[in-house]
Amino acid sequence: MIMDPNKIWPIIIGMAIGTFFIRYSFLGLLGDRTLPEWFLRHLRYVGVAVLPGLIAPLILWPAATGGTPDLARIMATIAAVSIGIWKKSVIGAVVLGFGTLYLVQYLNG
Amino acid sequence: MTAVIIHVKNTFWRGFRDGLPFILVVVPFGTLFGVAATEAGMDILQVMSFSILVIAGAAQFSALTLLIEDAPMIIILLTSLAVNLRMAMYSAALVPHFGKLHTGMKLLISYFLVDQSYALGIREYEEQPEQPVENKVAYFFGVMLIMTPFWYFSTYIGAVLGAAIPDAFSLDFAVPICFIALIAPMLRTIPHIITAVVSVIAALALAWIPYSLGLIIAALLAVMAGAYAELKLGRKK
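Chain order of the listed sequences is A and B.
Heads up, my numbering is the position in the first sequence plus 35, with the first residue counted as 1.
Heads up, my numbering is the position in the second sequence plus 3, with the first residue counted as 1.
Calculated from the structure, these hints are not laboratory results.
Warning: the hint list may mix true and false statements.
[Claimed, not checked] Facing chain B, according to a computed beta carbon distance under 10 Å, are these residues of chain A, among others:
1) W44
2) P45
3) I47
4) L62
5) L65
6) T69
7) L78
8) V83
9) L93
10) T112
11) K123
12) V130
13) F133
No residue lacks a Cβ here, since even glycine has one placed at the ideal position from N, Cα and C.
Turn these sequences into a full structure, and let the hints guide you.
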């Protein structure tokens, strides 16, 4: 649950403006400017640098179990990562991930 | 003139058709975002505003996760906007094609600049760089006119569903699963994999740092690791 609902609107508006400026940056403001190669080299990895770190604690210490590692969630993660890398399939990862989660939860009673 | 109009029309519909398969990507994310955001306590107006004003699944999930963790606002904005920084690269890549358009059109294109419209558009424009700018614009909007309604609508369905699904279904796990589905196809090269691994290890090791600052430090370390690996290995598969 979101603890402080007062943060929701500022975050939505802040992200809307920030994201729009990122999208408009070169097309509308900076134009045909080349970025230094070292900067592009770092930029290429920003997405992959943020997202795995963001979810790792959610998987290992889920709030739903009070922060204790949960076998079902870890198995589900392994299943989803495998199918995601192997088949590059979004639906595959979602279906197999949830499938594994429910199956292990069911087997554990 | 008529021939040109017909040509533009055809390009529009080609974009529309090329965008069709991406519905399969957009709909699960939109639905799961709607479900997860509603479960976390957002009302339908907030959920829909998020998807309509931001249209960036990964960043929306990041913001949602950090809202649930009650991170400070500045951290939530920094982290989630970092996830969208890749779009600056898209914006730069489109300058040779759209740079000369008038401001209103560039504003509109920027609003619709997402992973899918960029990926399909840039492929189209690099294959046929000589086509008139009207056609390039038509193709771009063809792609987005099929994708965007599905994005809005699936978010709405998710938000309605989210309110109805009981807790026993462990829907808190929708967020990690969505992220995994997003990240897995990004792990194309060895430097990308190194980045992801450093990110996970550092984020877990630094999780004790308050205000979710550990995540930002972990992301910085991971970016440097990825860039360094690329320098040493090249962009290897």
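Taking the numbered hints from earlier one at a time, note which ones the structure violates and give those numbers from smallest to largest. Violated: none.
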